[in-house]
Amino acid sequence: MHSKDKDRHRWRKFKSGLVSFGTLAAAVLVIAPLGLVFFHLLVNGAGAVNWDFFTQLPKPVGAPGGGMVNAIVGSLELLALGSAVGIPIGVLGGVYLAEYGSARGNAMLRFIADVLNGVPSITWGVVVYGLVVLRFKGFSAYAGGLALGLIMIPLILRTTEEVILLVPNGYREASLALGIARWKTIVNVVMKTASKGIITGILLALARIGGETAPLLFTAFGNRFWNHDLSQPIAALPLQIFTYAISPYDDWHRQAWAGALVLVMGIFCINVLVRILTRDRAGTST
Amino acid sequence: MPVATAMLEDQDSAASRMAAPSRFGDKAFEWLTLGMALAVILLVFLIGWQLARGSTLAIQKFGFHFLTTSTWDPVAEQFGALPFIYGTVVSSLIALLIAVPLSIGTAVYLTELAPLWIRQPIVSLVEMLAAIPSVILGLWGIFVMIPWLRDYLFPLLKKLFGWTPFFTGPIYGTSMLAGGMIIAVMILPIITSVSREILRSVPKLQREAAYALGATRWEVTRIAVLSYARKGLFGAGILGLGRALGETMAVTMVIGNTPQIAVSLFKPGYTLASVIANEFTEATSDIYLQALFEIGLVLFGVTIVVNLLAQLLLKTMTTKTATRAVQ
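Residue numbers (this note's numbering), protein chains in the order written: chain U, 8 to 293; chain C, -13 to 313.
Please keep in mind that the hints were generated in silico from the structure rather than gathered at the bench.
Bear in mind the structure is a predicted one, so any value in this text is a computation, not a measurement.
Cβ atoms here follow ideal geometry from the backbone N, Cα and C, with glycine treated the same way.
Hints should not be assumed to be uniformly reliable.
Stretches of chain C that chain U covers, calculated by requiring three or more beta carbons in the stretch to come under 8 Å of a beta carbon on chain U [to be verified]:
1) 149 to 157
2) 233 to 241
3) 255 to 268
4) 289 to 295
20 Å max Cα-Cα, derived DMTMM-like pairs, lysine to aspartate or glutamate [said to hold, decoys possible]:
5) U:K144 with U:E169
6) C:K190 with C:E205
7) U:K22 with C:D137
8) C:K253 with C:D137
9) U:K144 with C:D137
10) U:K20 with C:D137
11) C:K253 with C:E268
12) U:K13 with C:E205
13) U:K144 with U:D236
14) C:K217 with C:E205
15) U:K191 with C:E16
16) U:K199 with C:E16
17) C:K190 with C:E265
18) U:K199 with C:D12
19) U:K22 with U:D12
20) C:K47 with C:D59
21) U:K191 with U:D12
22) U:K22 with C:E98
23) C:K301 with U:D236
24) U:K191 with U:E180
25) U:K20 with C:E205
26) U:K144 with C:E63
27) U:K66 with U:D257
28) U:K191 with C:D12
29) U:K20 with C:E98
30) C:K217 with C:E98
31) C:K47 with C:D272
32) U:K203 with U:E169
33) U:K199 with U:E169
34) U:K144 with C:E265
35) C:K13 with U:E180
Covered, in the sense of this in silico footprint (three residues per stretch, anywhere, with C-beta under 8 Å from a C-beta of chain C), are these stretches of chain U [to be verified]:
36) 27 to 36
37) 124 to 134
38) 253 to 266
With these hints in hand, go ahead and build the complete structure from the sequences.
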């Protein structure tokens, strides 16, 4: 009897250890793709990232060399256009959810924003195609920027709301007690106090849409040359990577790896910046 | 400091305001922000309206058959979306089968079992995985994963499980299984971080009570934590499903893009999102474009329902949804 209990206890301990090991293995498997992708990006991409890559236009098939400067600049232009749409609407909407409204109505808006975050990004591409491209009879940087901007709205709205709610009520009360109008209190006191968090949210949204490809396929469309007119198709780094990756040419594959390396580095730089900004607010960002 | 500056700016207008406290600025600002917040509702309707408007003709012409027939022939103007629906469902299910156990396992490790010093670094790595764009994962899929699958994993699967209908036929590499696997990688981070948030919200008392009864670590996790968090973890999985259904670039690059319904997972497939990505700019006739809009409408409808369900499930678990840590 006694030894039977002991056996049972040992078995339970063993089972517990086994499961612990299993979960550790799961964690390793979840991290593994990150390591593998990074490794191959460096192996395949590092050789092709050079001065030309950042200064030259893409070369035609067969001609070695060339770069993606137009795609890099194009991506930045698209991000700027997206920001013009996404930041004002997202930030001010977030302010409303944190400062005004009824608990019930706001919960509803929050809920819809979360659902909107789950809408596939390609859907935005189709919608903007119908709204802008069909109407103005052509692909354009404006259309691409709008698609990216619409994706940003729910992202920024939710992060802004969250950081504004973190501002202590005493700040608002102190300002209102001085006879300062409520809206000025919100703009000059509350939003200023939360500005670091708001910027963090904006940066995270930019990092997210900077790698988006699907919504640009039939809005910005891509371009092998410089774009001097925002009502014309424009190149974007993720689009260029896609085009090159599915092409049959080795030269282009090398360029795709190089582009991917540059894009990932850009996105990780933003993430590091976010980490620095949020360092002293431990526990709120993770 | 901000208070002081705001006060200084206000000083010159203080006299006039005392005379007649104008609330115009306040009202205007409130209405402005309200308008921006209402944009989210507007956007949902905008998507629905635009997709429905873009596919009116196709809906009228094909009706319900659009969803149940499997001929996709732009030349003959015959459009049936069944192969794409099948491909989307099967690839998403494969992804969930792989990603859910791994993600929940990782979440359990991170909240219950891992030494404290290693938790934050792993969380950061999971967030970094989430930050990798779909197109880059697809690039890696084409040039690294597919050759490896073709030369090593698929032959092994064929040898072991070739007697089932799922692992038969020639091996090309690009396949339904490859598509499912790449989607799994895409949804691992979100399921992991939402599950972790759910497990963290389980009250400490639950665990302490189980420990006090002499339970081992795994028994505590199983009895006190997992069963308590069941609903939330289910929600995390459904949220992952929502992302899987709409995943586009990475899948398009590895699934093979062939509209067929095949039992063998080694055969290429096609998804709703992929067919839009590939054929949208090539749609030469109106009805072709309309059919693609209708596919967008189907995809939007399904993901909205799945996401609604996920948010409802998650809301009952935590007051704060954890979906923002990894978007």
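(message) Between the alpha carbons of C:K253 and C:E268, is the straight-line distance 20 Å or under?
(response) Cα-Cα ~25 Å, so violated.
(message) Next pair to validate is U:K20 with C:D137; report whether the Cα-Cα distance is within 20 Å.
(response) violated (40 Å)
(request) Would you check chain C against the stretch 124 to 134 of chain U, counting CB to CB pairs closer than 8 Å, and say if three or more residues qualify? (result) holds (count 11)
(request) Please count how many residues of the stretch 233 to 241 of chain C have a CB within 8 Å of a CB from chain U and say whether that reaches 3. (result) Per the Cβ count (4), the hint holds.
(request) Assess, step by step, whether the Cα of U:K20 is no farther than 20 Å from the Cα of C:E98, and give holds or violated. (result) Holds, at roughly 16 Å.
(message) Between the stretch 27 to 36 of chain U and chain C, are there enough contacts, at least three residues with CB-CB distance under 8 Å, for the coverage claim to hold?
(response) This one holds; 8 residues, not fewer than the three required, reach chain C with a Cβ under 8 Å.
(request) Starting from C:K190, check that the Cα of C:E205 is at most 20 Å away, please. (result) holds (15 Å)
(message) For U:K20 and C:E205, compute the direct alpha-carbon distance and say whether it is at most 20 Å.
(response) holds (10 Å)
(request) Would you check the hint for U:K22 and C:D137, treating anything up to 20 Å between C-alpha atoms as holding? (result) violated (36 Å)
(request) Below or equal to 20 Å on CA atoms is what counts here, so check C:K217 against C:E205. (result) Distance ~19 Å between C:K217 and C:E205 Cα, so the pair holds.
(request) Examine the stretch 289 to 295 of chain C: at least three residues should have C-beta closer than 8 Å to a C-beta of chain U. (result) Answer holds; 5 residues pass the 8 Å Cβ test.
(message) For a C-alpha distance cap of 20 Å, please report whether C:K47 and C:D59 respect it.
(response) It holds: about 15 Å lies between the C-alpha atoms, which stays within 20 Å.
When each numbered hint is compared with the structure, violations occur for hints 1, 5, 7, 9, 10, 11, 17, 21, 23, 26.
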